[in-house]
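Visitor: Just so we're aligned: the sequence shown equals residues 2 to 349 in my numbering.
Derived from the structure by calculation, the hints contain no laboratory data. A few of these clues could be false.
Claimed, not checked - Heads up, simulated DSS-like pairs for lysine-lysine below, C-alpha to C-alpha not over 27 Å straight-line: (1) Lys-16 / Lys-150; (2) Lys-65 / Lys-249; (3) Lys-16 / Lys-270; (4) Lys-65 / Lys-129; (5) Lys-249 / Lys-270; (6) Lys-129 / Lys-16; (7) Lys-101 / Lys-129.
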Amino acid sequence: MTNGNRDLLRRLNLKVPLILAPLAGGPSSPQLVAAASRAGALGSMGAAYSSPSGIAEFVAEVRKTTDRPFAINLFISHPPPKVLPEQVAQAIRRTERYRKELALPEPHLQSPKEADFDAQFEAVLRAKPAALSFIFGVLPRQHREAARKAGLFLIGAATTPEEARELEEAEVDAITLQGIEAGGHRAIFEPEAIDREIGVWDLLARCAPRAKVPLIAAGGIMTRDQIGLALERGAQAVQMGTAFLACKEAGTSTPYRAKLLESPVRKTKTTRVFSGRLARGMENRFLLEMESEPGGVLPFPAQNDFTRDLRNASVARGTAEFLSLWAGTGEGELWQGTAGELIARLFP
2 MTNGNRDLLR RLNLKVPLIL APLAGGPSSP QLVAAASRAG ALGSMGAAYS SPSGIAEFVA
62 EVRKTTDRPF AINLFISHPP PKVLPEQVAQ AIRRTERYRK ELALPEPHLQ SPKEADFDAQ
122 FEAVLRAKPA ALSFIFGVLP RQHREAARKA GLFLIGAATT PEEARELEEA EVDAITLQGI
182 EAGGHRAIFE PEAIDREIGV WDLLARCAPR AKVPLIAAGG IMTRDQIGLA LERGAQAVQM
242 GTAFLACKEA GTSTPYRAKL LESPVRKTKT TRVFSGRLAR GMENRFLLEM ESEPGGVLPF
302 PAQNDFTRDL RNASVARGTA EFLSLWAGTG EGELWQGTAG ELIARLFP
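Taking the hints into account, I'd like the entire structure generated from these sequences.
Guide: See the structure below:
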């Protein structure tokens, strides 16, 4: 174990070098976050879509069952995109058959706007988690200063060595290196940027020799051997999400959970069709059909708002065909016991 590893574990008061990925949109339940933290890892709340009151309520639930450290994750905000009327009309035409099938009315899309980041951030400061993690860019200077004053450990996320250097220059406390294998939203800084699709092992090889802060490896990591390899290659911890999606405490919906458990080999790809930002998820009907005909996908976060009714109806109907089934490339049967049991298996 490197000095950096000891420092990361010491500063976050962790027993094992594991970060539970922030699984926003449902799976990241208070029970899952608390269970991971109780087991000695760093549980993480995916708060990107949460209101300030929702953050406070979530944190209160976590603290009912543990006083162990946990993190809250936010999306760095960007200026709202311009969405032209003709783009909306095309998106409506493109998804009309799905809404008819699900007995949904024609959508009325409001002007897109991201969550109120400043309000979310203030809620995080009031909650006082051990760490604040973030994706989609660099936390602005004034927020970094406020977070440090509050004693928060700052964890940024990078998909390229260049993004990692920007985070280092911003003096974050640790960097999650998100390989192309990772499930969920790609942490790419710019919303419309091309994904360079760098794998986690390549990222580690390119970043570890010159890293000045602890690195956290993320992407396709599912087993004890893979964890060991990441630590040997310069990571001070690993971040895992897909491996926990079927745990008892996860808030994963019934159709999502069933799709995850269909096969130990989950066929995934990156797509913009659900949110407008690149994200990796399991293939289903909506993803494949929308990808087959270009056009009709709005920019983030407009597309996320536009497809919410489809996703909600999919859960209500008990089908996974219109859900954003975020998952990484890691293979193997998913653990269906408790998160604590899984962590004990990974770190005996």
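Visitor: For every hint, state whether the structure bears it out.
Guide: To see whether the hints hold, each was checked on the structure:
1. Lys-16 / Lys-150: holds (25 Å)
2. Lys-65 / Lys-249: Distance ~18 Å between Lys-65 and Lys-249 Cα, so the pair holds.
3. Lys-16 / Lys-270: Answer violated: Lys-16 to Lys-270 is near 34 Å, above 27 Å.
4. Lys-65 / Lys-129: Distance ~15 Å between Lys-65 and Lys-129 Cα, so the pair holds.
5. Lys-249 / Lys-270: holds (26 Å)
6. Lys-129 / Lys-16: Cα-Cα ~20 Å, so holds.
7. Lys-101 / Lys-129: violated (45 Å)
Taken one by one, the earlier hints fail for this structure at numbers 3, 7, listed in ascending order.
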